[in-house]
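4 protein chains.
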Amino acid sequence: MKIRYGMIGGGEGSFIGAVHRKAAALDSRFELVCGAFSSNAEKAKRSGAALGLDPARCYGSFAEMMTAEQKLPENERMQAVSIVTPNHVHFAPAMMALEHGYHVIIDKPIAFSLDEAEALHAKVQETGLVLALTHTYTGYPMVKEARHRIAQGDLGRIRKIFVEYPQGWLSTFLEADGNKQADWRTDPSKSGAGGATGDIGTHAANLAEYVSGLEITKICADINIVVEGRKLDDDAAALLKFSNGASGCLIATQVAAGEENNLKLRIYGEKGGCEWTHTDPNTLLWKPLDAPVQVLRAGTGYLCDAAQKGLRLPAGHPEGYLEAFANIYVNFADAVHDHMQGRYTSEADYDFPGTADGVRGMRFVERMVASGKSNDKWTDFS
Amino acid sequence: MKIRYGMIGGGEGSFIGAVHRKAAALDSRFELVCGAFSSNAEKAKRSGAALGLDPARCYGSFAEMMTAEQKLPENERMQAVSIVTPNHVHFAPAMMALEHGYHVIIDKPIAFSLDEAEALHAKVQETGLVLALTHTYTGYPMVKEARHRIAQGDLGRIRKIFVEYPQGWLSTFLEADGNKQADWRTDPSKSGAGGATGDIGTHAANLAEYVSGLEITKICADINIVVEGRKLDDDAAALLKFSNGASGCLIATQVAAGEENNLKLRIYGEKGGCEWTHTDPNTLLWKPLDAPVQVLRAGTGYLCDAAQKGLRLPAGHPEGYLEAFANIYVNFADAVHDHMQGRYTSEADYDFPGTADGVRGMRFVERMVASGKSNDKWTDFS
Amino acid sequence: MKIRYGMIGGGEGSFIGAVHRKAAALDSRFELVCGAFSSNAEKAKRSGAALGLDPARCYGSFAEMMTAEQKLPENERMQAVSIVTPNHVHFAPAMMALEHGYHVIIDKPIAFSLDEAEALHAKVQETGLVLALTHTYTGYPMVKEARHRIAQGDLGRIRKIFVEYPQGWLSTFLEADGNKQADWRTDPSKSGAGGATGDIGTHAANLAEYVSGLEITKICADINIVVEGRKLDDDAAALLKFSNGASGCLIATQVAAGEENNLKLRIYGEKGGCEWTHTDPNTLLWKPLDAPVQVLRAGTGYLCDAAQKGLRLPAGHPEGYLEAFANIYVNFADAVHDHMQGRYTSEADYDFPGTADGVRGMRFVERMVASGKSNDKWTDFS
Amino acid sequence: MKIRYGMIGGGEGSFIGAVHRKAAALDSRFELVCGAFSSNAEKAKRSGAALGLDPARCYGSFAEMMTAEQKLPENERMQAVSIVTPNHVHFAPAMMALEHGYHVIIDKPIAFSLDEAEALHAKVQETGLVLALTHTYTGYPMVKEARHRIAQGDLGRIRKIFVEYPQGWLSTFLEADGNKQADWRTDPSKSGAGGATGDIGTHAANLAEYVSGLEITKICADINIVVEGRKLDDDAAALLKFSNGASGCLIATQVAAGEENNLKLRIYGEKGGCEWTHTDPNTLLWKPLDAPVQVLRAGTGYLCDAAQKGLRLPAGHPEGYLEAFANIYVNFADAVHDHMQGRYTSEADYDFPGTADGVRGMRFVERMVASGKSNDKWTDFS
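So the protein sequences, as listed, match chains A, B, C and D.
Read left to right, the first sequence gives residues 1 to 382 (UniProt numbering).
Read left to right, the second sequence gives residues 1 to 382 (UniProt numbering).
Read left to right, the third sequence gives residues 1 to 382 (UniProt numbering).
Read left to right, the fourth sequence gives residues 1 to 382 (UniProt numbering).
One should not assume that every hint holds.
Restricting the straight-line Cα-Cα distance to at most 30 Å, the calculated cross-link-like pairs of lysine-lysine (DSS-like) are [as the list claims (entries may be wrong)]:
{"#": "1", "chain 1": "A", "residue 1": "LYS231", "chain 2": "A", "residue 2": "LYS190"}
{"#": "2", "chain 1": "D", "residue 1": "LYS271", "chain 2": "A", "residue 2": "LYS180"}
{"#": "3", "chain 1": "D", "residue 1": "LYS373", "chain 2": "A", "residue 2": "LYS373"}
{"#": "4", "chain 1": "B", "residue 1": "LYS309", "chain 2": "A", "residue 2": "LYS43"}
{"#": "5", "chain 1": "D", "residue 1": "LYS373", "chain 2": "A", "residue 2": "LYS271"}
{"#": "6", "chain 1": "C", "residue 1": "LYS271", "chain 2": "B", "residue 2": "LYS271"}
{"#": "7", "chain 1": "A", "residue 1": "LYS264", "chain 2": "B", "residue 2": "LYS264"}
{"#": "8", "chain 1": "D", "residue 1": "LYS264", "chain 2": "A", "residue 2": "LYS264"}
{"#": "9", "chain 1": "C", "residue 1": "LYS190", "chain 2": "B", "residue 2": "LYS264"}
{"#": "10", "chain 1": "B", "residue 1": "LYS271", "chain 2": "A", "residue 2": "LYS2"}
Under 7 Å between C-beta atoms, here's a sample of chain A residues computed to sit facing chain D [claimed, not checked]:
{"#": "11", "residue": "LYS160"}
{"#": "12", "residue": "SER171"}
{"#": "13", "residue": "LEU174"}
{"#": "14", "residue": "ILE225"}
{"#": "15", "residue": "GLY229"}
{"#": "16", "residue": "ALA237"}
{"#": "17", "residue": "LEU239"}
{"#": "18", "residue": "GLY245"}
{"#": "19", "residue": "SER247"}
{"#": "20", "residue": "TYR268"}
{"#": "21", "residue": "LYS287"}
{"#": "22", "residue": "ASN375"}
{"#": "23", "residue": "LYS377"}
{"#": "24", "residue": "ASP380"}
{"#": "25", "residue": "SER382"}
Please keep in mind that the hints were generated in silico from the structure rather than gathered at the bench.
For every residue, glycine included, the Cβ atom is placed at its ideal position computed from N, Cα and C.
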């Protein structure tokens with residue numbers, strides 16, 4: 001049985017809304033049944049029509065959608081919502097959804113502020129509902145393979161973690177030209193306390209922690225607004241300390257002109273290292289100490305269960321960003337189904353980013369911003 | 001409006017059936033409404049149930065499906081069929097579908113023999129229906145970009161075409177172990193006259209012709225059964241001549257132990273060359289004579305319309321095999337919609353592989369096999 | 001003690017003369033003591049002066065050099081000659097050197113024709129002197145590693161060999177513009193029967209045979225003059241059969257516009273494959289069947305003795321073309337020193353290309369040209 | 001005329017001594033005429049004999065060499081010294097050489113401490129002699145191309161500089177096993193105040209400044225001893241500020257298990273970025289904003305003069321570490337020849353690392369160590 005879901009945001013001209021819909025559609029685990037695609041009622045209807053939805057279920061607001069759907073027969077009404085609005089419109093619909101008994105999947109970051117994130121975390125614990133956060137990169141199978149191998153000790157004690165996320169698309173004052181993506185992302189009233197820090201720095205930090213199994217404990221950040229006139233940071237770098245004593249570096253910049261979206265993670269331990277790059281996501285370079293580098297590949301038989309589960313094709317058939325995104329939807333679907341059958345426990349038992357990651361992400365932004373302003377070398381992350 | 005389709009083949013344990021379903025689902029242009037998933041009635045039902053289909057529309061045979069669906073109300077019954085059976089069961093359902101007025105999308109090769117391919121080609125012309133063939137690789141946006149640039153003369157007159165498709169998965173006598181994929185592909189009664197020649201050689205030839213805009217006119221083939229006991233060729237190579245006088249090489253082998261699925265195309269003309277590799281499908285290397293190589297990338301603004309149409313994400317967000325596959329489904333959907341509105345002309349006006357490609361593919365297999373047996377250097381391809 | 005050598009050819013404006021001198025100098029095993037750098041006496045003197053040579057030992061002809069040097073005291077006179085003239089001036093100085101008791105190192109191909117090559121082979125056997133041929137690519141350590149592993153059976157029985165050497169520098173009618181390199185290479189009276197076939201095809205064939213340990217037994221060649229007005233082939237491709245029944249392809253083209261000098265070798269056996277590319281010569285990709293690809297690297301401890309001997313630096317310090325070239329000079333020096341001490345046996349016992357390779361190279365050119373003209377598919381190579 | 005030089009250090013078992021000799025030999029600009037290869041007289045003689053030197057000129061100490069050589073006829077005696085001893089034995093022979101009128105080329109770092117470096121800098125200015133420092137990586141032609149393009153403004157104002165030098169060879173407590181290279185490099189009494197900081201961090205900093213044309217003005221360093229028992233840092237990272245306001249990161253670690261010697265530099269400006277990696281030193285990735293990445297290659301015609309001067313081969317013929325090293329020797333030779341002809345001005349007018357770089361390198365070590373111990377975020381570099 002497909003899970004019936006409604007979408008909040010993601011109307012005409014939205015980029016991330018289409019991504020969520022394709023990710024949800026790919027494995028036929030979800031059916032889009034309704035939406036509040038825009039706060040503009042006419043645009044909301046038009047967006048729904050373009051998607052072939054029943055006009056009666058194209059709502060003018062998320063609040064209307066939540067109450068109207070509850071009046072539909074149980075076997076018709078939506079069971080989950082997908083929230084794809086800008087950051088400042090994450091909290092209200094998510095909270096309302098949880099209060100109305102809907103499961104939630106939400107684009108990252110989870111909210112606008114740390115307080116909001118903590119409130120959502122508490123509400124999920126209170127309601128026992130499922131809330132997933134689309135930190136896409138942890139959905140890649142070879143990322144899961146790295147996590148698995150490190151967890152079972154194949155690299156020994158971890159010593160160094162380098163994670164970087166260089167982009168170049170904000171190298172010019174794009175927001176002045178009315179670019180929709182740049183506009184809200186560089187506006188503190190919509191994006192939150194961090195610019196690059198929140199938009200991509202959170203991905204980098206989340207990836208480093210997910211794969212290493214360690215937590216960042218201290219940061220020393222250099223945060224900059226590089227492009228004149230911009231209102232939020234477009235560039236950040238930090239020295240890091242991790243819970244086991246390992247150290248590392250994090251780079252998150254949107255002014256690396258000429259770069260696309262080159263998230264890269266390298267982790268080194270006593271027995272070797274590994275390297276994963278978003279440009280070639282189906283490969284994990286495995287670097288044993290004093291032995292040849294191995295090129296681990298998606299679709300092969302030697303991968304761990306979590307990686308295998310996230311793969312649809314044999315080796316040599318590239319899978320990409322939408323498939324990684326879909327893996328979060330699939331694992332969210334598994335949790336929702338378990339919930340329906342009374343078997344759901346808590347997000348900690350599932351392989352998808354949840355409210356704990358959401359809280360950590362918001363705290364990361366807050367701590368980075370604090371460190372950026374501080375003259376002390378180290379700022380605690382806790 | 002989604003196109004309602006039924007699937008023939010693709011039941012439990014099928015690889016390519018799932019690929020077709022995901023490709024059809026990705027962009028929400030199709031809805032799977034029925035299926036004849038297996039000649040085993042019980043398995044057919046079970047497969048349909050797993051996909052959430054109405055049990056009444058899980059048929060025991062494609063013949064039953066074709067007639068039963070026609071009795072349903074027009075706004076419910078299937079409008080197209082997707083044929084994902086082994087090669088020897090392509091022709092009968094395709095022909096029957098055309099005779100019953102259904103559009104057809106079919107896994108390559110189009111049929112078991114050249115005669116069958118020509119009959120389907122004629123039937124499509126007779127009925128005016130749409131038939132698409134999933135030569136996946138031509139669905140990649142950067143392949144379309146290469147075709148576009150060559151068509152507008154950016155490389156000058158084409159001189160050399162190198163295409164290769166090395167795989168290693170048939171390096172051992174896998175069919176002896178009951179491997180389902182290996183089993184029918186190496187069985188002449190199911191696969192047809194060619195093994196590697198048909199399975200992957202046709203992809204290579206199709207890609208070379210699609211991108212260059214040229215036709216192969218002569219071949220000189222060396223065809224081998226490398227693994228002892230095998231009944232069909234697992235290795236082929238050929239020297240090629242093209243319609244404009246250019247020459248080239250084609251490699252299609254399944255015994256390149258250690259290789260995955262490394263289709264690669266290189267084309268050189270008077271003014272430069274280009275290179276596309278399936279391992280990194282979002283990149284097209286562009287090599288102007290006497291100037292630096294350019295790394296053309298998916299998701300950028302400088303690509304041609306056909307490439308842009310096949311992309312869902314901005315630069316740096318990898319798209320893969322399923323997306324390329326889905327691009328054929330999308331272009332097929334456009335054609336079917338045009339047909340519904342009386343605007344469809346012929347496959348020649350659309351960017352998807354059709355019956356003409358199907359005929360060419362089957363002729364390629366026949367000519368390769370003939371050349372492989374001949375002591376003459378050159379065998380005409382026509 | 002350094003070996004004293006004289007150079008024949010390689011005066012002002014020569015490319016390959018400087019390469020030989022640097023290769024000889026790198027490891028301090030040779031000292032350039034004299035030269036016949038040009039048939040133009042003034043230019044010969046000037047070239048020698050620029051190299052800091054004694055003007056008395058800058059000769060106007062190789063014949064003069066051979067006799068004049070013999071009159072010098074034994075501990076001063078040259079002991080070997082390095083021949084770096086165009087192909088048609090290889091035989092005469094090499095034969096004269098051997099007749100005068102000098103060891104010879106000679107740029108490839110060994111001579112202008114097969115007859116000349118055979119005569120040199122016979123003369124070397126008669127005199128017992130050392131003659132080395134600079135088939136540079138076999139001097140790369142990772143090429144030696146591949147050869148070693150294949151020889152000890154790590155890939156099992158070899159099945160497929162793909163070797164390609166695409167260049168683009170002759171994409172235009174360069175010889176019309178007085179380009180010195182293009183001029184003699186495209187002139188049948190200076191280059192011999194083959195253009196691309198001789199210039200780079202011989203390198204490709206030599207590399208394939210050196211690494212695989214197999215001999216080419218049959219060829220089926222397509223040979224073309226692509227650029228209008230050219231007098232010798234600038235493009236060749238061939239299907240190959242090897243002595244153990246393996247098959248393969250060889251590409252040697254100089255009209256692959258946009259390519260530099262991309263020699264690549266791939267060999268596949270029952271147990272896996274390997275790949276070496278000149279663009280990244282310090283890496284050997286090792287591809288075991290059903291296990292991750294390994295990235296074998298120069299400078300590491302796990303390489304064979306022949307590879308280790310050819311390396312001067314630890315891992316991560318790239319060595320290149322001159323070092324590979326120098327490895328032939330070093331192994332030649334070892335042989336010459338052994339000869340001086342009465343320990344030299346024959347070229348077959350040393351790791352440098354010699355007259356047997358030279359004969360095989362010239363036969364390759366002759367057989368390729370014959371096959372290119374033949375309507376029969378296969379031409380014997382023997 | 002070759003420059004006659006003597007070597008200090010570099011006897012049996014030395015790695016870097018052989019590197020210097022090969023680099024000096026490659027282009028035939030130098031002749032090794034004498035040496036003080038070891039403080040062990042017997043070993044010094046043996047080392048010299050192995051190199052074919054006159055036993056009378058194999059000295060037991062550098063002091064002896066300096067005075068003895070001065071007694072030789074002017075046209076025989078050495079003109080320059082090459083110092084390849086461990087760091088703590090750089091200053092004394094360099095200072096003595098300058099006092100005796102010899103030109104000096106010296107392995108980096110220039111000295112053991114900042115004081116020593118400054119004294120050498122002053123002595124060079126006083127004597128007007130030539131002193132070159134082998135910061136090898138600035139000798140690579142594609143590094144020079146990057147510097148040239150940035151200097152002429154092709155990237156606009158520089159904003160971000162990322163430089164990293166990950167090695168893995170000190171991942172274990174190698175010095176406990178008597179590894180000669182590890183032994184002195186991890187010993188504060190021989191290496192100086194910095195371990196990884198001095199050994200490779202100085203290379204990274206020098207490369208970043210050389211290419212960008214900017215100076216580091218502030219650092220914030222995290223410096224670690226990762227391997228238990230080690231006496232000097234084996235791991236360092238720093239946030240950087242540059243003289244034009246740009247910011248950046250520097251990584252220098254020797255415990256990145258599985259890494260070889262992967263120095264990488266990325267610089268981003270308003271108009272684009274560039275990337276150079278030691279693993280592929282003949283390539284410079286050029287990344288214009290909003291246009292395809294260009295793959296700039298060694299040996300091509302479009303490179304700047306400084307790059308062209310450092311190249312010996314056409315495109316597609318890889319040059320490596322020894323060639324980059326040799327480029328420093330060549331430019332040193334040019335300076336020495338100019339000096340002999342009274343035309344030498346100062347190191348600032350030549351393209352080789354000199355005493356100013358040496359002072360900067362030692363200050364870098366001192367400032368990094370100071371920052372590593374400080375709780376303040378930023379430490380001035382000046």
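Hints, one by one, checked against the model:
no., hint, in the structure
1, A:LYS231 / A:LYS190, "holds (12 Å)"
2, D:LYS271 / A:LYS180, "holds (22 Å)"
3, D:LYS373 / A:LYS373, "holds (21 Å)"
4, B:LYS309 / A:LYS43, "holds (24 Å)"
5, D:LYS373 / A:LYS271, "holds (29 Å)"
6, C:LYS271 / B:LYS271, "violated (41 Å)"
7, A:LYS264 / B:LYS264, "holds (26 Å)"
8, D:LYS264 / A:LYS264, "holds (14 Å)"
9, C:LYS190 / B:LYS264, "violated (37 Å)"
10, B:LYS271 / A:LYS2, "violated (53 Å)"
11, LYS160, "holds (6 Å)"
12, SER171, "holds (6 Å)"
13, LEU174, "violated (11 Å)"
14, ILE225, "violated (11 Å)"
15, GLY229, "violated (14 Å)"
16, ALA237, "holds (5 Å)"
17, LEU239, "holds (5 Å)"
18, GLY245, "violated (9 Å)"
19, SER247, "holds (6 Å)"
20, TYR268, "holds (5 Å)"
21, LYS287, "holds (3 Å)"
22, ASN375, "holds (5 Å)"
23, LYS377, "holds (5 Å)"
24, ASP380, "violated (13 Å)"
25, SER382, "violated (18 Å)"
The structure fails to meet hints 6, 9, 10, 13, 14, 15, 18, 24 and 25 from the earlier list, while all remaining hints are met.
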